[in-house]
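Taken in order, these protein sequences are the chains called A and B.
Under this note's numbering, the first residue of the first sequence carries the number 1, and numbering increases by one thereafter.
Under this note's numbering, the first residue of the second sequence carries the number 1001, and numbering increases by one thereafter.
What the hints contain is simulated information worked out from the structure, not anything from laboratory work.
Keep in mind that the hints are not guaranteed to be accurate.
Stated by the list, open to error - Residues from chain B that face chain A, not an exhaustive set, calculated with beta carbons under 8 Å:
#1 Phe1292
#2 Gly1296
#3 Arg1298
#4 Gly1361
Bear in mind the structure is a predicted one, so any value in this text is a computation, not a measurement.
Built from N, CA and C at the ideal position, the CB exists for glycine as well.
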Amino acid sequence: MTVNEVPQARLQTPFYSRLVALDTVNSWHEWKGYTCPDELYCAETEYFAIRNSTGVFDLSPMTKYRITGADALAYLDRLVTRDMSKIKPGRVAYAVWCDDRGQVIDDGTIFHLREGEYRLCSQERHFAWLQAAAIGFDVSIVEETADVAALAVQGPTTYSILSNMGLDGLGELKPFGLMYFDFEGTGLMVSRTGFTGDLGYELWLSPARAEALWDALFAAGKNYAMRAIGAHALEQARIEAGYLAAYEDFLPAHATVRTGRTRSPLELGLGWLVDFKKPNFNGRRALAEEKRRGSRWRLVKLDIEGNKTANHSYIFAREKGKQEAIGFITSATWSPVCKQNIAIGTVRTPHGKVGSHLWVEIYYQREMHWSRVMARAEVVDKPFWFPPRRSATPPDPC
Amino acid sequence: MTDKYDAILVGGGHNGLVCAALLAKSGKQVLLLEANDQVGGAAITREFADGYAVSACAHLLYQLQPVVRKELKLKPRLASANMTTIALDEHGEHVRILGDTVTGAAEDDAASYRRFHRRMSRFARLLRTYFNKIPPRLGTKELRDLATLGRLGFDVRRLGKTEMREFLRLIGMNIRDEVVERFSSPVLRGAVSFDAVLGTHLGPRSPNTILTYLYRLAGDNGRIASPEGGMGSVSDELAQAARDAGVTIRTGMPVKRIVVDNGRVTGVETDGGDRFDSYTVVSNADPKRTLFDLIGARHMETGATHRVQHFRARGNAAKLHLALDGLPEFAGMSRREYGERIVIAPDEHYVERAFNPAKYGESSPEPVVEITFPSFRDARLAPTGKHVMSAVVQYAPYGLKDGWSDAARAEFEAATIRVIERYAPDITQRIVASELLTPADIEREFHITGGHWHHGELTLDQFLFVRPVCGFAQYRMPVDGLYLCGAGAHPGGGVSGAAGRNAAKAILGREKAA
């Protein structure tokens, strides 16, 4: 009897060989079937690479769909809440899409690659929903997750590194824009997008050329303290940037069983993405009704006093001398760059207006013993980290 | 050319006519556009051979609702008001069913059928109460919905403990288990099974066939009538009632699309390019045709299109019309019985076996047949001394594997005649002309997607507050100002007028609420 070789249960990304070569801690997690690093050296060092030099994150497992056809624009315009006709070729849009009840299924980015040709990227897979949405449209939807390798290159020195690598003209690229380059005979798409709220780019190309791209990038960044990073560092950076994560700050509507556990875009602070001037889009009726009646929940960004992170804490409001639980924290971290104790949370309306003060109940452990503190928190409006370099065009070389 | 109407009806089937008439009666300016040259939809009488006319699709009247008759002051002239069902036996030992009485079956069966009929009638009456109501919406807090739902629960409870349990046990069940338990006569078993599966894509062993049986019974306590002059006379009377109420009826005007502007309907456009304006458009077409062809999926939200896409509406019943130079000889049947309803379904297995091929996209080699000779009581339908036969034949699946080619049609027609020949051997030599309407033909001629005469399968998942689909079962469709008034809406098919009347109530009620 022969023993068959057991195939690896988790897939390897096109950059896996390079990640493994740099890895020193052997800490991995699963992301949509792929094995991905939590960290490669130490999450903190990697975080500082994002903020002070350049962090390189492998985002190949990001779900990608190619959407083409005569009705591609009309299709996307009905699918998502924002006005897609404003997104010209060469531009990228952050968008959310909802079910008929106006509840968020997911958020993601839509790249207008060429006239009438789009790529939709999201954390979750949505093929069934995208197919259902295609009824009555002349549109083709192809899942191309494994056909495109992608790297996020994020941090203040990214522009210099990529220029070193020979990407001439990158300085013209504005935030949420995309450009095409030639990389050793292969098409390379570069978009000025990211999940860190900093200056940064995302590189997209054929998986066959992935390792070559990695090598060229690291050669160009040799003198810039560039580091490959894992998911922990990115998570810290995205909270600073005030970005939402599915399954943390909201649950995809299709993943919930209990009623009332979903969120509308209005409840997630994404009202600016909902364009009621469009005659029809998924969730329009329900959202118009919600706008009229008022939302149940409000997403809040909190600046919390003290230095103890408020993971999964209850949020309280003080009313008539009594403290009442009004919500909970969904993402929290200490922000080294802002030197702030920050969090994203969800509270019941009418609580959580910008500038109001709430209380966060933080449990923490010191040498086995648990303690509790009620920390005062201020609701803030802007992202915690929003440096001018993020949008400077052309970026300062450094 | 543009005109402003209070409401435009797309399609002049019987439900469309009822809806239009009721809207006009409450003072609305109503325009009704019919694609064909005569109104009535699938409820028309037309000539299929020189001098021979027949009800083109629906041929028996089970359920024209008394409230509809009353509100529109209809007095349909009936050739027969209460037809006996004669279930044929190959040896001439036919079983005759009328009301709760069965003759020709075993003695026990007669008593058993009476009990069965009493119970089924009680359940059917319960259903009928809800035929003429707008179904409640689920998951709302609105008083009207809650009251109707509460009433439904109360009515079920009021059946009494035992009967309620029976109702809940039976409602999702198959008819075969019930007939086998109750009756010993194969012909009776077959006839009851046949009534349960008529017009469906179901066999006697399919779950849900008790519901379809009750639906048939619910119309008019199971009474079967045959209108004088064919079904067209009912439509003609409805059309007259509509005209009298002030409805403008225009035939030969196929609607190309329902115009949607900024999320609401604003009128319709015909194939001929005419444009009529109205903020209320009521479609008598089936749900898929209405929402996908006339409106367009892009004007709806994804969840709604997905549900409509999955609405099951594939017809399985064909219509066979024969022009005969004389009545064929059925052994064991007296002459006056040619005016009754004749059924070929000799036992429950036969019916199930007829259904089996349909599951795989094939037609039945030995079909089940419902036969009437309308000319027997209505001489105008055929030349003097001649006759017409109007038969419903199953199963002829809409999605026939290799398509309804001429050969496939000839094969099915021959199979049907072979089956009838077993009981009336001289039928073949009597045939002067014939016409077979498969579901594909019904789709083409009457513009019904899938050629399903109920506009969609009548099953628990497409019934009452989820007909045609969950969220849009109250005649209001997912685009503002658009309503559905045909058989695809609650309660379903059959020449009942209930859907049309309920739709009119929904439209008028909404206006009052606004």
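Violated constraints from the hint list, given by number and in increasing order: Hint 4 alone not satisfied by this model.
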